[in-house]
Amino acid sequence: MAKLKYYQAFNRALREEMTRDENIILMGEDIGESGGIFAQTRGLHAAFGANRVRDTPIAENGFVSAAVGAAMTGLRPVVEIGFKDFLTCCMDPLVNQAAKLRYMLGGQVTVPLTVYTFGSGGVNAGPQHSQSLGAWFAQVPGLKVVVPSTPRDVLGLFKSAIRDDNPVLCLFAKRLIGSSGEVPEEGEDFTLPIGRAEVRRAGGDITIVGVSTMTRVALAAAESLAEEHGIEAEVIDVMSLSPLDSDTIIASVNRTGRLAIVHEAHAPCGIGAEIIARVSEQAHGVLQAPPLRITPPFAPSPFAPVLEKAYLPDAARIAAEIRALIA
Amino acid sequence: MPKLNEQTALAMHRTMCRIRYFEEAASAKYKDGDLPGFIHLSIGQEACAVGVCATLEVSDYITSTHRGHGHCLAKGGDAKRMMAELFAKEAGYSKGRGGSMHIADVAVGMLGANGIVGQSMPLGVGAALTAQVKETGSVAVAFFGEGASGAGVAHEAMNMASLWRLPLIFFCEANRYAELSPYETHVPLANIADRAPAYDMPGVTIDGGDVVAVYETMTEAVARARAGQGPSLVEAKTYRWHGHYEGDPQVYKPEGETEAEKLRDPIPRFEAVLKESFGVTSAALEVAHAEEKTAINAAVLFAEQAPDPDPSPAGLIANVYAQTGGA
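Chain order of the listed sequences is A and B.
Note that this note's numbering gives residue 6 to position 6 of the first sequence, counting from 1, and the numbers run on in steps of one.
Note that this note's numbering gives residue 1020 to position 20 of the second sequence, counting from 1, and the numbers run on in steps of one.
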């Protein structure tokens, strides 16, 4: 195993895939010579040239739609949207074009498009640079959505996204960019299947499903619950929002009888709501306690560090809510 | 510049007739209640579709608007499969999943009519980007209307195309109405093409009822694009004989306007040229009309007799996702 930071795993995935397939191009704002705002694309422009690594104007609607047109005609574009909030500027190409073209053209085309972005909060970026909007896209047939939380998952899922013949949205987390983790050695062609969740910690008292950053926070909460209260939580990293791996979650809930979901997105109509719905449908009667959604309040993400700290779920809050549920 | 030769001219005349009869048949069948949904017809605009596509190879691309039947036929689409799509049949180009607004024949480079006004332009950017990156020698034409010219994405697309010197022609069919709104209510300039200098590309406004003018202008723009000299903007002033949609009462049109425009019907105008330049006889032209009309009647019969799509659960999710690629 090698050790890489989250953004380095991203860079390695892209480098390996662009080396493997010359139809892959990279497009976005500031991804060229500058190497990206988080150094995530550093070296790619030099390695693959301006033809394949293309800085765009600040025009998300236009360049994502252009990437869709390119994907329909033989390229495999990988497109950066700097911050997740800016996905709102390219809803049409994602939702009306990329997601539907194969279907509405009767299968005449594939749209092998990968759109990635950096989202979530925790870095005091304020209301327009901190959102978690993944669930919106999980409501759209034709799209796939992944939310990797570790360098290994970034490497495996991003590579799979690029190889997928469908449009895939890769939602990375700004807060995790500098985090480190073990990844397979350089030279090993490592991919992870889209649509599969993983159990990150085994436990028999409650299932906690984490989304992206919140998986790590949930793991910290699980350790303190075990140490201080003897409560053993099973923690699942959802990894993909669409397709959603309800089998792994339901199998766990069948063992634990309790369910909590932790995400940075707001609760209404979110992934937590969807997971609870599926558990209700497919494992009705198994729950020994009401399901919990642990999320920020229904308000925009605040700028002030003291406010954002209170806004985002942390390990202490997760542990307290679970302890109250089980007591 | 190569002049229009007789063989090409006769083929173009055939295609204009085919479009006219196709659209008239669609109008009649819609009136009879045989076609579900909405249809947008291009009667009166045949010279645009035909003059453009006659300058293209099968390997070149077009992106189209919600008014795309003529574009599809002119690019080489099969009237039977198109009509079957309008009739919502499995034999249609989109297997009855798209309808009139998503008519496409990707095999001949027609990447689809599109229900979102303006998106044909960046989608065309993408097709041209593929041609540039893969050095295929192909060009793309993005059809749009003057209504789309006010969309932000029109600016984004023209800016990107010029920045990257893409092999692309933006072809504006200025048919006097954006949906129900007359030109002067939403465009402050007399000509859309006057915006071209702002993008550092050639722009020209021509008579869109003169198929020879369209052909000659496009021949030059296509040659420029193929030679790597970048995009052009061509604006063809044309006229939409019918409403925005079939059934539109057209209360916004001045009395007598359509009747006056019909006196400038592009088909007889071209026939006068054919007689004068190539000595084509009235009898020969009548044969062309009769044969095209017969072919459209056959297309209608084919569509009427074709089976419905499969409404089973499997039929409803067909082609939502490609099953290829991935990890």
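In case anyone wonders, no lab produced these hints; they're calculated from the structure.
Treat the hints with care, as some may be off.
As the list claims (entries may be wrong) - With the C-beta cut set under 8 Å, the calculated list includes, among others, these residues of chain A facing chain B:
(1) Ile24
(2) Ile25
(3) Thr56
(4) Pro57
(5) Gly62
(6) Tyr103
(7) Gln108
(8) Thr110
(9) Ala138
(10) Gln139
(11) Asp164
(12) Ile194
(13) Ala197
(14) Ala315
Said to hold, decoys possible - For each label pair, taking beta carbons as the anchor points, the in silico distance ranges come out as:
(15) Arg15/A x Ser1277/B: 34 to 44 Å
(16) Gln1323/B x Gly285/A: 54 to 64 Å
(17) Leu1316/B x Ala277/A: 38 to 48 Å
Given the structure is predicted, the values throughout are model-derived calculations rather than measurements.
Don't be surprised by glycine CBs; every beta carbon is placed ideally from N, CA and C.
Could you tell me which of the hints above the structure violates, numbers in ascending order? 1, 9, 10, 13, 14, 15, 16 and 17
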